[in-house]
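K.L.:
All chains, please: the whole structure from these sequences, using the hints.
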Amino acid sequence: MERLKSIKIYFFSIIKLFILSFRNLYFKSNFYNQKLITFIPNKFFYNPSYHLNASLTPASADFYKITNIAPELLWETSPKEKLKFENLHSFLWLTKLDRKNSKLATQNIIKSWINNFFNYEPHTWEIDIAAKRIISWSSNNDITLDGADSVYKENFFLSLIKQSNFILKNLKILPYGSRRLVCCGSIILSGLMFKESNLNYKIGVKELKKIIKNYFDENGFPKSRNPEDVFVCIKYLVLIREWLKESQKLIPDFLNEIIVKRGNSYAGLSNANKQLPLFNGATEVNHKDYDIFLKNLKYKFVNSKYEIGDLVKIKKRKFEFIIDCGNPAPKAYSKYYQSGCLSFELNSNKQKIICNSGYGKYLSPKLASISKSTAAQSTLYLNNTSIEKHKIIRKIYTEDKDMYSILASHNGYERKFGCIHTRSIKILKKRDIIFGRDEIKNMKKKSSEHVYFIRFHIYPNIKIVKTKAGNSILISLSNGEGWILRNRTNIFKVEKNIFFGNKNKIINNESVSISGNTKNEITTIDWSIERIS
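Residue numbers for the sequence shown follow my numbering, so the first one is 12 and each next one is one higher.
If you're looking for bench data, these hints aren't it; they were derived computationally from the structure. Some hints could be false.
[Stated by the list, open to error] With beta-carbon atoms standing in for the labels, derived distance ranges:
| # | residue 1 | residue 2 | range |
| --- | --- | --- | --- |
| 1 | N126 | R34 | 21 to 31 Å |
| 2 | I404 | E83 | 58 to 68 Å |
| 3 | K285 | K256 | 21 to 31 Å |
| 4 | L115 | S60 | 21 to 31 Å |
| 5 | S60 | R426 | 46 to 56 Å |
| 6 | E87 | N515 | 49 to 59 Å |
| 7 | K377 | K224 | 47 to 57 Å |
| 8 | K309 | S32 | 47 to 57 Å |
| 9 | K224 | L115 | 25 to 35 Å |
In this text, a Cβ means the ideal position worked out from N, Cα and C, and glycines have one as well.
P.N.:
Here it is in C-alpha coordinates:
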(Lines of atoms letter the chains of each structure in order from A; the text may use other names.)
(Lines give C-alpha, C1' and ligand atoms only; values in the text may rest on other atoms or scores of the structure.)
Protein backbone atom coordinates (compact mmCIF):
# COMPACT_ATOMS: atom_id res chain seq x y z
CA MET A 12 0.00 0.00 0.00
CA GLU A 13 2.81 2.40 0.95
CA ARG A 14 4.68 1.53 -2.26
CA LEU A 15 1.57 2.22 -4.34
CA LYS A 16 1.18 5.56 -2.58
CA SER A 17 4.84 6.45 -3.30
CA ILE A 18 4.44 5.56 -6.99
CA LYS A 19 1.31 7.72 -7.15
CA ILE A 20 3.10 10.70 -5.57
CA TYR A 21 6.07 10.24 -7.93
CA PHE A 22 3.78 10.03 -10.96
CA PHE A 23 1.90 13.22 -10.07
CA SER A 24 5.20 15.00 -9.32
CA ILE A 25 6.42 14.21 -12.84
CA ILE A 26 3.16 15.52 -14.33
CA LYS A 27 3.40 18.67 -12.22
CA LEU A 28 6.99 19.32 -13.33
CA PHE A 29 5.99 18.82 -16.97
CA ILE A 30 3.08 21.28 -16.64
CA LEU A 31 5.31 23.87 -14.95
CA SER A 32 7.99 23.51 -17.64
CA PHE A 33 5.43 23.88 -20.42
CA ARG A 34 3.86 26.86 -18.63
CA ASN A 35 7.21 28.65 -18.35
CA LEU A 36 8.01 28.02 -22.02
CA TYR A 37 4.63 29.44 -23.01
CA PHE A 38 5.00 32.48 -20.76
CA LYS A 39 8.41 33.22 -22.28
CA SER A 40 7.10 33.08 -25.86
CA ASN A 41 6.72 36.23 -27.96
CA PHE A 42 3.11 35.25 -28.64
CA TYR A 43 2.21 35.29 -24.94
CA ASN A 44 4.12 38.50 -24.20
CA GLN A 45 2.37 40.28 -27.08
CA LYS A 46 -1.00 39.13 -25.73
CA LEU A 47 -0.23 40.91 -22.45
CA ILE A 48 -0.22 44.31 -24.20
CA THR A 49 -3.90 45.19 -24.50
CA PHE A 50 -3.57 48.99 -24.80
CA ILE A 51 -0.95 51.74 -24.51
CA PRO A 52 -1.84 54.46 -21.97
CA ASN A 53 -0.10 57.83 -21.91
CA LYS A 54 -0.94 59.04 -18.41
CA PHE A 55 -2.36 58.17 -15.00
CA PHE A 56 -5.96 59.16 -14.30
CA TYR A 57 -5.33 58.58 -10.62
CA ASN A 58 -2.00 59.18 -8.89
CA PRO A 59 -1.76 57.20 -5.64
CA SER A 60 0.02 59.06 -2.84
CA TYR A 61 3.44 57.67 -2.06
CA HIS A 62 2.94 58.15 1.70
CA LEU A 63 0.29 55.39 1.54
CA ASN A 64 2.74 53.00 -0.08
CA ALA A 65 5.32 53.89 2.59
CA SER A 66 3.22 51.88 5.04
CA LEU A 67 4.42 48.68 3.32
CA THR A 68 8.04 49.28 4.35
CA PRO A 69 9.14 50.06 7.93
CA ALA A 70 11.10 53.27 8.42
CA SER A 71 14.01 51.32 9.88
CA ALA A 72 14.30 48.93 6.92
CA ASP A 73 17.50 48.71 4.91
CA PHE A 74 17.21 49.80 1.31
CA TYR A 75 19.51 49.90 -1.67
CA LYS A 76 21.76 52.95 -1.98
CA ILE A 77 21.03 53.17 -5.64
CA THR A 78 22.99 56.34 -6.32
CA ASN A 79 26.19 54.40 -5.58
CA ILE A 80 25.43 51.27 -7.63
CA ALA A 81 25.39 50.81 -11.39
CA PRO A 82 21.89 49.59 -12.36
CA GLU A 83 23.15 46.47 -14.15
CA LEU A 84 24.98 45.33 -11.02
CA LEU A 85 21.72 45.25 -9.06
CA TRP A 86 20.34 42.42 -11.19
CA GLU A 87 23.25 40.14 -10.25
CA THR A 88 21.45 39.36 -6.99
CA SER A 89 20.60 35.66 -7.08
CA PRO A 90 17.06 34.33 -6.52
CA LYS A 91 18.67 32.00 -3.97
CA GLU A 92 19.07 35.07 -1.74
CA LYS A 93 15.31 34.93 -1.37
CA LEU A 94 14.62 37.91 0.90
CA LYS A 95 17.15 40.23 -0.76
CA PHE A 96 15.94 39.26 -4.24
CA GLU A 97 12.27 39.83 -3.36
CA ASN A 98 13.00 43.17 -1.72
CA LEU A 99 15.06 44.34 -4.69
CA HIS A 100 12.59 43.41 -7.42
CA SER A 101 9.49 44.51 -5.53
CA PHE A 102 10.86 48.10 -5.47
CA LEU A 103 9.09 48.85 -2.18
CA TRP A 104 12.31 50.56 -1.08
CA LEU A 105 11.53 53.46 -3.46
CA THR A 106 9.52 55.19 -0.73
CA LYS A 107 12.68 55.55 1.38
CA LEU A 108 14.64 57.48 -1.23
CA ASP A 109 15.40 61.18 -1.14
CA ARG A 110 12.67 62.73 -3.28
CA LYS A 111 14.86 65.63 -4.45
CA ASN A 112 18.06 63.90 -5.51
CA SER A 113 17.14 60.39 -6.62
CA LYS A 114 14.80 60.93 -9.58
CA LEU A 115 17.39 60.41 -12.35
CA ALA A 116 19.00 57.41 -10.63
CA THR A 117 15.57 55.85 -10.03
CA GLN A 118 14.51 56.22 -13.65
CA ASN A 119 17.83 54.77 -14.83
CA ILE A 120 17.28 51.72 -12.64
CA ILE A 121 13.72 51.22 -13.89
CA LYS A 122 14.90 51.70 -17.48
CA SER A 123 17.54 49.03 -16.87
CA TRP A 124 14.97 46.71 -15.28
CA ILE A 125 12.63 47.08 -18.28
CA ASN A 126 15.51 46.42 -20.70
CA ASN A 127 16.37 43.21 -18.85
CA PHE A 128 12.95 41.95 -17.76
CA PHE A 129 10.36 43.47 -20.11
CA ASN A 130 9.27 39.95 -21.06
CA TYR A 131 8.33 37.25 -18.60
CA GLU A 132 11.12 35.80 -16.45
CA PRO A 133 10.02 33.27 -13.79
CA HIS A 134 11.85 34.74 -10.81
CA THR A 135 11.41 38.48 -11.34
CA TRP A 136 7.82 37.95 -12.53
CA GLU A 137 6.86 35.90 -9.47
CA ILE A 138 3.25 36.98 -9.19
CA ASP A 139 3.29 38.70 -5.79
CA ILE A 140 6.67 40.35 -6.50
CA ALA A 141 5.18 41.76 -9.72
CA ALA A 142 2.14 43.01 -7.77
CA LYS A 143 4.31 44.87 -5.27
CA ARG A 144 6.37 46.31 -8.13
CA ILE A 145 3.24 47.70 -9.82
CA ILE A 146 2.16 49.29 -6.54
CA SER A 147 5.59 50.77 -5.89
CA TRP A 148 6.29 52.12 -9.38
CA SER A 149 2.85 53.71 -9.52
CA SER A 150 2.84 55.11 -6.00
CA ASN A 151 6.24 56.75 -6.42
CA ASN A 152 5.52 58.37 -9.78
CA ASP A 153 7.10 61.64 -8.62
CA ILE A 154 10.51 59.94 -8.99
CA THR A 155 9.66 57.03 -11.32
CA LEU A 156 7.85 59.01 -14.05
CA ASP A 157 7.87 62.80 -13.65
CA GLY A 158 10.24 64.60 -16.02
CA ALA A 159 11.03 61.52 -18.10
CA ASP A 160 11.24 61.52 -21.91
CA SER A 161 8.47 60.10 -24.11
CA VAL A 162 10.31 56.83 -24.93
CA TYR A 163 10.86 56.05 -21.25
CA LYS A 164 7.21 56.88 -20.43
CA GLU A 165 5.89 54.60 -23.16
CA ASN A 166 8.04 51.67 -22.00
CA PHE A 167 7.14 52.39 -18.38
CA PHE A 168 3.40 52.29 -19.09
CA LEU A 169 3.73 49.23 -21.34
CA SER A 170 5.59 47.36 -18.61
CA LEU A 171 2.91 48.24 -16.05
CA ILE A 172 0.15 47.06 -18.39
CA LYS A 173 1.96 43.79 -19.16
CA GLN A 174 2.54 43.04 -15.50
CA SER A 175 -1.05 43.95 -14.56
CA ASN A 176 -2.48 41.69 -17.26
CA PHE A 177 -0.12 38.89 -16.25
CA ILE A 178 -1.39 39.05 -12.67
CA LEU A 179 -5.02 39.26 -13.81
CA LYS A 180 -4.65 36.17 -16.03
CA ASN A 181 -2.87 34.10 -13.37
CA LEU A 182 -4.49 35.23 -10.13
CA LYS A 183 -6.56 32.06 -9.80
CA ILE A 184 -3.49 29.83 -9.53
CA LEU A 185 -2.85 31.32 -6.08
CA PRO A 186 -4.69 29.89 -3.08
CA TYR A 187 -6.81 32.32 -1.09
CA GLY A 188 -4.41 34.06 1.25
CA SER A 189 -2.22 37.10 1.83
CA ARG A 190 -0.35 36.70 -1.50
CA ARG A 191 -3.62 36.67 -3.44
CA LEU A 192 -4.74 39.76 -1.52
CA VAL A 193 -1.55 41.63 -2.51
CA CYS A 194 -2.15 40.72 -6.16
CA CYS A 195 -5.80 41.72 -5.91
CA GLY A 196 -4.68 45.12 -4.60
CA SER A 197 -2.45 45.67 -7.64
CA ILE A 198 -5.34 44.80 -10.00
CA ILE A 199 -7.64 47.29 -8.26
CA LEU A 200 -4.93 49.96 -8.44
CA SER A 201 -4.38 49.41 -12.17
CA GLY A 202 -8.12 49.82 -12.70
CA LEU A 203 -8.08 53.11 -10.79
CA MET A 204 -5.04 54.50 -12.62
CA PHE A 205 -5.98 53.77 -16.23
CA LYS A 206 -9.46 54.51 -17.58
CA GLU A 207 -8.88 51.85 -20.28
CA SER A 208 -8.59 49.18 -17.56
CA ASN A 209 -11.58 50.22 -15.48
CA LEU A 210 -12.74 46.61 -15.82
CA ASN A 211 -9.74 45.65 -13.67
CA TYR A 212 -11.18 47.75 -10.87
CA LYS A 213 -14.52 45.92 -11.03
CA ILE A 214 -12.87 42.49 -11.28
CA GLY A 215 -10.51 43.37 -8.44
CA VAL A 216 -13.33 44.40 -6.09
CA LYS A 217 -15.23 41.17 -6.84
CA GLU A 218 -12.06 39.17 -6.23
CA LEU A 219 -11.48 41.04 -2.96
CA LYS A 220 -14.92 39.99 -1.76
CA LYS A 221 -14.13 36.35 -2.59
CA ILE A 222 -10.83 36.48 -0.70
CA ILE A 223 -12.53 37.93 2.37
CA LYS A 224 -15.24 35.25 2.23
CA ASN A 225 -12.85 32.32 1.75
CA TYR A 226 -9.73 33.28 3.72
CA PHE A 227 -11.03 34.86 6.92
CA ASP A 228 -13.12 33.26 9.65
CA GLU A 229 -16.21 34.94 11.12
CA ASN A 230 -13.99 37.01 13.43
CA GLY A 231 -11.77 38.23 10.61
CA PHE A 232 -8.83 35.96 11.49
CA PRO A 233 -6.92 34.24 8.64
CA LYS A 234 -7.42 30.52 8.23
CA SER A 235 -3.63 30.10 8.12
CA ARG A 236 -3.66 31.11 11.83
CA ASN A 237 -0.42 32.99 11.17
CA PRO A 238 -0.01 36.32 13.05
CA GLU A 239 2.24 37.62 10.27
CA ASP A 240 -0.62 37.14 7.80
CA VAL A 241 -2.77 39.28 10.10
CA PHE A 242 -0.23 42.07 9.70
CA VAL A 243 0.21 41.71 5.93
CA CYS A 244 -3.54 41.61 5.30
CA ILE A 245 -4.46 44.60 7.45
CA LYS A 246 -1.79 46.63 5.62
CA TYR A 247 -3.17 45.84 2.17
CA LEU A 248 -6.83 46.07 3.17
CA VAL A 249 -6.26 49.55 4.62
CA LEU A 250 -4.17 50.49 1.57
CA ILE A 251 -6.95 49.46 -0.83
CA ARG A 252 -9.50 51.40 1.21
CA GLU A 253 -7.31 54.52 1.15
CA TRP A 254 -6.86 54.24 -2.64
CA LEU A 255 -10.63 54.04 -3.09
CA LYS A 256 -11.14 56.99 -0.77
CA GLU A 257 -8.43 59.07 -2.47
CA SER A 258 -9.79 58.29 -5.96
CA GLN A 259 -13.33 59.13 -4.79
CA LYS A 260 -14.68 55.63 -5.37
CA LEU A 261 -17.37 54.04 -3.25
CA ILE A 262 -15.89 52.00 -0.40
CA PRO A 263 -17.76 48.66 -0.15
CA ASP A 264 -19.35 47.82 3.20
CA PHE A 265 -17.66 44.41 3.22
CA LEU A 266 -14.25 46.13 3.09
CA ASN A 267 -15.07 48.40 6.02
CA GLU A 268 -16.36 45.42 8.00
CA ILE A 269 -13.31 43.22 7.45
CA ILE A 270 -10.94 46.08 8.28
CA VAL A 271 -12.66 46.53 11.65
CA LYS A 272 -12.59 42.79 12.38
CA ARG A 273 -9.06 42.33 11.11
CA GLY A 274 -7.87 45.47 12.85
CA ASN A 275 -9.29 44.29 16.17
CA SER A 276 -7.47 40.96 15.74
CA TYR A 277 -4.29 42.87 15.01
CA ALA A 278 -4.80 44.98 18.15
CA GLY A 279 -5.30 41.82 20.20
CA LEU A 280 -2.06 40.26 18.96
CA SER A 281 -0.01 43.44 19.39
CA ASN A 282 2.37 43.49 22.33
CA ALA A 283 3.96 46.33 24.27
CA ASN A 284 7.30 45.54 22.58
CA LYS A 285 5.65 46.16 19.18
CA GLN A 286 6.37 42.62 18.00
CA LEU A 287 3.87 40.01 16.89
CA PRO A 288 4.06 36.50 18.41
CA LEU A 289 5.90 33.71 16.58
CA PHE A 290 3.18 31.15 15.93
CA ASN A 291 2.21 29.10 12.87
CA GLY A 292 4.78 30.30 10.34
CA ALA A 293 5.38 33.85 11.55
CA THR A 294 8.73 35.62 11.40
CA GLU A 295 9.57 38.66 13.50
CA VAL A 296 7.50 41.72 12.65
CA ASN A 297 7.99 45.05 14.38
CA HIS A 298 4.80 47.08 13.92
CA LYS A 299 5.83 50.31 15.64
CA ASP A 300 6.05 52.30 12.38
CA TYR A 301 2.77 50.89 11.10
CA ASP A 302 0.97 51.83 14.30
CA ILE A 303 2.08 55.43 13.72
CA PHE A 304 0.79 55.23 10.14
CA LEU A 305 -2.62 54.00 11.36
CA LYS A 306 -2.78 56.71 14.00
CA ASN A 307 -2.04 59.42 11.42
CA LEU A 308 -4.92 58.14 9.28
CA LYS A 309 -7.18 58.02 12.38
CA TYR A 310 -7.63 54.24 12.44
CA LYS A 311 -8.19 52.96 15.95
CA PHE A 312 -8.60 49.27 16.69
CA VAL A 313 -9.44 47.70 20.04
CA ASN A 314 -9.72 44.14 21.29
CA SER A 315 -11.25 43.21 24.63
CA LYS A 316 -11.43 39.45 24.00
CA TYR A 317 -9.05 37.01 25.67
CA GLU A 318 -9.04 34.76 22.58
CA ILE A 319 -7.93 35.75 19.06
CA GLY A 320 -8.01 33.01 16.43
CA ASP A 321 -7.61 30.29 19.11
CA LEU A 322 -4.63 32.13 20.56
CA VAL A 323 -5.46 32.81 24.21
CA LYS A 324 -3.85 35.97 25.57
CA ILE A 325 -3.55 37.20 29.14
CA LYS A 326 -2.36 40.75 29.70
CA LYS A 327 -1.93 42.50 33.04
CA ARG A 328 0.14 45.60 33.60
CA LYS A 329 3.54 44.92 31.94
CA PHE A 330 2.98 41.15 31.75
CA GLU A 331 1.82 39.45 28.50
CA PHE A 332 1.26 35.73 27.99
CA ILE A 333 -0.14 34.06 24.86
CA ILE A 334 -0.71 30.37 24.13
CA ASP A 335 -1.81 28.50 20.99
CA CYS A 336 -4.92 26.43 21.78
CA GLY A 337 -6.05 25.89 18.20
CA ASN A 338 -6.45 23.17 15.62
CA PRO A 339 -4.02 23.07 12.69
CA ALA A 340 -4.70 25.27 9.70
CA PRO A 341 -6.77 23.64 6.91
CA LYS A 342 -4.55 21.96 4.32
CA ALA A 343 -5.06 24.71 1.73
CA TYR A 344 -3.62 27.28 4.17
CA SER A 345 -0.99 25.17 5.95
CA LYS A 346 2.11 25.77 3.81
CA TYR A 347 3.94 27.53 6.67
CA TYR A 348 2.10 25.92 9.58
CA GLN A 349 4.28 24.78 12.51
CA SER A 350 3.57 21.89 14.88
CA GLY A 351 3.36 24.01 18.01
CA CYS A 352 0.07 23.14 19.66
CA LEU A 353 -0.05 24.46 23.27
CA SER A 354 3.20 26.39 22.80
CA PHE A 355 3.38 29.80 24.45
CA GLU A 356 5.16 33.15 24.54
CA LEU A 357 5.93 35.29 27.58
CA ASN A 358 6.70 39.02 27.52
CA SER A 359 7.43 41.37 30.40
CA ASN A 360 8.06 45.10 30.43
CA LYS A 361 8.39 45.26 26.61
CA GLN A 362 10.82 42.33 26.43
CA LYS A 363 10.21 38.86 25.05
CA ILE A 364 11.45 36.11 27.40
CA ILE A 365 10.18 32.74 26.15
CA CYS A 366 8.91 32.18 22.61
CA ASN A 367 8.88 29.78 19.70
CA SER A 368 11.86 29.60 17.35
CA GLY A 369 10.16 31.39 14.45
CA TYR A 370 9.88 30.14 10.88
CA GLY A 371 12.95 30.06 8.60
CA LYS A 372 11.20 30.55 5.26
CA TYR A 373 13.83 33.05 4.04
CA LEU A 374 16.84 31.05 5.28
CA SER A 375 16.83 27.68 3.49
CA PRO A 376 14.40 24.83 2.76
CA LYS A 377 16.20 22.64 5.30
CA LEU A 378 16.00 25.23 8.08
CA ALA A 379 12.37 25.97 7.19
CA SER A 380 11.59 22.27 7.62
CA ILE A 381 13.42 22.10 10.97
CA SER A 382 11.61 25.19 12.24
CA LYS A 383 8.26 23.46 11.57
CA SER A 384 9.01 20.70 14.09
CA THR A 385 7.43 20.57 17.54
CA ALA A 386 10.92 20.65 19.08
CA ALA A 387 11.31 24.18 17.68
CA GLN A 388 8.29 25.35 19.71
CA SER A 389 7.91 26.00 23.45
CA THR A 390 5.72 23.00 24.19
CA LEU A 391 5.82 19.27 24.98
CA TYR A 392 6.68 16.53 22.48
CA LEU A 393 7.06 12.75 22.69
CA ASN A 394 9.80 10.38 21.48
CA ASN A 395 11.55 13.10 19.46
CA THR A 396 8.61 13.30 17.04
CA SER A 397 6.36 16.17 16.04
CA ILE A 398 2.66 16.52 16.71
CA GLU A 399 0.67 15.35 13.68
CA LYS A 400 -2.90 16.01 12.56
CA HIS A 401 -4.02 17.00 16.01
CA LYS A 402 -7.37 18.18 17.22
CA ILE A 403 -8.08 20.27 20.31
CA ILE A 404 -10.37 18.04 22.38
CA ARG A 405 -10.76 20.31 25.39
CA LYS A 406 -10.29 24.04 25.98
CA ILE A 407 -11.31 25.89 29.15
CA TYR A 408 -10.63 29.47 30.17
CA THR A 409 -11.66 30.75 33.59
CA GLU A 410 -10.95 33.83 35.65
CA ASP A 411 -11.60 34.73 39.27
CA LYS A 412 -10.43 37.44 41.65
CA ASP A 413 -7.07 35.72 42.20
CA MET A 414 -6.00 34.17 38.92
CA TYR A 415 -6.43 33.41 35.23
CA SER A 416 -6.66 29.72 34.28
CA ILE A 417 -6.24 28.03 30.90
CA LEU A 418 -6.57 24.30 30.27
CA ALA A 419 -6.35 22.65 26.86
CA SER A 420 -5.80 19.13 25.50
CA HIS A 421 -4.87 17.79 22.06
CA ASN A 422 -4.72 14.31 20.53
CA GLY A 423 -1.69 14.85 18.28
CA TYR A 424 0.10 11.83 19.78
CA GLU A 425 -2.90 9.52 20.15
CA ARG A 426 -2.72 7.78 16.78
CA LYS A 427 1.01 7.06 17.00
CA PHE A 428 1.53 6.54 20.74
CA GLY A 429 -1.95 6.43 22.27
CA CYS A 430 -1.34 9.57 24.35
CA ILE A 431 -3.28 12.77 25.07
CA HIS A 432 -1.37 15.91 26.08
CA THR A 433 -3.02 18.41 28.43
CA ARG A 434 -1.41 21.70 29.41
CA SER A 435 -2.73 23.69 32.37
CA ILE A 436 -1.66 27.30 32.99
CA LYS A 437 -2.51 29.35 36.07
CA ILE A 438 -1.40 32.98 36.29
CA LEU A 439 -1.75 34.96 39.49
CA LYS A 440 -3.24 38.44 39.20
CA LYS A 441 -1.29 40.12 41.99
CA ARG A 442 2.10 38.53 41.27
CA ASP A 443 3.97 37.79 38.06
CA ILE A 444 4.04 34.03 38.40
CA ILE A 445 2.92 31.23 36.08
CA PHE A 446 2.13 27.74 37.35
CA GLY A 447 2.34 25.25 34.49
CA ARG A 448 1.38 21.59 34.41
CA ASP A 449 1.82 19.17 31.51
CA GLU A 450 -0.09 15.91 31.68
CA ILE A 451 0.45 12.90 29.43
CA LYS A 452 -2.40 10.40 29.57
CA ASN A 453 -1.97 6.96 28.02
CA MET A 454 -5.28 5.98 26.40
CA LYS A 455 -4.24 2.39 25.58
CA LYS A 456 -5.10 -0.52 27.86
CA LYS A 457 -1.49 -1.64 27.88
CA SER A 458 0.62 1.17 29.25
CA SER A 459 3.85 1.68 27.27
CA GLU A 460 6.77 3.90 28.16
CA HIS A 461 7.50 7.06 26.18
CA VAL A 462 10.19 9.72 26.39
CA TYR A 463 8.82 13.24 26.85
CA PHE A 464 10.50 16.61 26.38
CA ILE A 465 9.20 20.00 27.49
CA ARG A 466 11.11 22.79 25.81
CA PHE A 467 11.33 26.50 26.65
CA HIS A 468 13.02 28.55 23.91
CA ILE A 469 14.73 31.60 25.37
CA TYR A 470 14.67 34.77 23.28
CA PRO A 471 18.10 35.78 21.86
CA ASN A 472 20.49 37.86 23.99
CA ILE A 473 18.79 36.93 27.26
CA LYS A 474 21.20 35.60 29.88
CA ILE A 475 20.33 32.39 31.70
CA VAL A 476 22.15 30.43 34.43
CA LYS A 477 21.33 26.97 35.75
CA THR A 478 21.54 26.72 39.53
CA LYS A 479 23.75 24.11 41.21
CA ALA A 480 20.78 21.94 42.12
CA GLY A 481 19.86 21.86 38.43
CA ASN A 482 16.12 22.21 38.94
CA SER A 483 15.88 25.96 38.38
CA ILE A 484 17.05 28.49 35.79
CA LEU A 485 17.82 32.14 36.55
CA ILE A 486 16.83 34.49 33.72
CA SER A 487 18.25 38.03 33.47
CA LEU A 488 16.63 40.58 31.15
CA SER A 489 18.28 43.70 29.75
CA ASN A 490 15.44 45.79 31.23
CA GLY A 491 16.71 44.87 34.71
CA GLU A 492 14.13 42.22 35.54
CA GLY A 493 15.03 38.82 36.95
CA TRP A 494 12.93 35.67 36.49
CA ILE A 495 13.25 32.07 37.64
CA LEU A 496 12.06 28.89 35.91
CA ARG A 497 11.54 26.03 38.38
CA ASN A 498 10.79 22.33 38.34
CA ARG A 499 10.84 20.21 41.50
CA THR A 500 11.20 16.73 40.04
CA ASN A 501 13.43 17.08 36.96
CA ILE A 502 16.85 18.46 36.14
CA PHE A 503 16.89 21.19 33.50
CA LYS A 504 19.11 20.90 30.46
CA VAL A 505 20.45 24.05 28.78
CA GLU A 506 21.35 23.78 25.08
CA LYS A 507 22.65 26.03 22.35
CA ASN A 508 19.87 26.75 19.93
CA ILE A 509 19.03 28.48 16.65
CA PHE A 510 16.48 31.28 16.38
CA PHE A 511 14.74 31.36 12.98
CA GLY A 512 12.51 34.38 13.58
CA ASN A 513 14.82 36.97 12.02
CA LYS A 514 14.20 37.29 8.27
CA ASN A 515 17.78 38.25 7.41
CA LYS A 516 19.98 35.85 9.35
CA ILE A 517 20.24 32.95 11.76
CA ILE A 518 20.69 34.06 15.37
CA ASN A 519 22.03 31.94 18.21
CA ASN A 520 19.98 31.59 21.36
CA GLU A 521 19.50 29.02 24.11
CA SER A 522 16.75 26.61 25.02
CA VAL A 523 15.90 24.96 28.33
CA SER A 524 14.32 21.52 28.46
CA ILE A 525 12.91 18.96 30.89
CA SER A 526 12.83 15.30 29.88
CA GLY A 527 11.79 11.99 31.38
CA ASN A 528 9.82 8.81 30.83
CA THR A 529 6.11 8.14 31.11
CA LYS A 530 5.64 5.18 33.43
CA ASN A 531 2.05 5.37 34.63
CA GLU A 532 -1.30 5.82 32.97
CA ILE A 533 -1.01 9.53 33.75
CA THR A 534 2.31 11.38 33.97
CA THR A 535 2.32 14.96 35.25
CA ILE A 536 5.15 17.48 35.15
CA ASP A 537 4.82 20.71 37.13
CA TRP A 538 6.87 23.82 36.45
CA SER A 539 6.66 27.51 37.25
CA ILE A 540 8.02 30.84 35.99
CA GLU A 541 8.21 33.74 38.42
CA ARG A 542 9.50 37.31 38.33
CA ILE A 543 11.86 37.72 41.30
CA SER A 544 13.17 41.25 40.69
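K.L.:
Per the hint of 21 to 31 Å, is the separation of the Cβ atoms of L115 and S60 within bounds?
P.N.:
holds, 22 Å
K.L.:
Evaluate the given range 21 to 31 Å for the C-beta pair formed by K285 and K256.
P.N.:
holds, 27 Å
K.L.:
Does the Cβ distance between K224 and L115 fall inside 25 to 35 Å?
P.N.:
violated, 46 Å
K.L.:
Confirm or reject the claim that K377 and K224 have a C-beta distance inside 47 to 57 Å.
P.N.:
Violated, at about 37 Å.
K.L.:
Looking only at beta-carbon atoms, does the pair I404, E83 fall within the given range of 58 to 68 Å?
P.N.:
Between I404 and E83, where Cβ atoms are some 59 Å apart, the hint holds.
K.L.:
State, for the Cβ atoms of S60 and R426, whether the hinted interval 46 to 56 Å holds or is violated.
P.N.:
holds, 54 Å
K.L.:
Falls inside 47 to 57 Å, the C-beta gap from K309 to S32?
P.N.:
With Cβ atoms ~50 Å apart, the hint holds.
K.L.:
At the C-beta level, are E87 and N515 separated by a distance inside 49 to 59 Å?
P.N.:
violated, 19 Å
K.L.:
Are N126 and R34 spaced within 21 to 31 Å by their CB atoms?
P.N.:
holds, 25 Å
Of the hints listed earlier, those the structure fails to meet are numbers 6, 7 and 9, in rising order.
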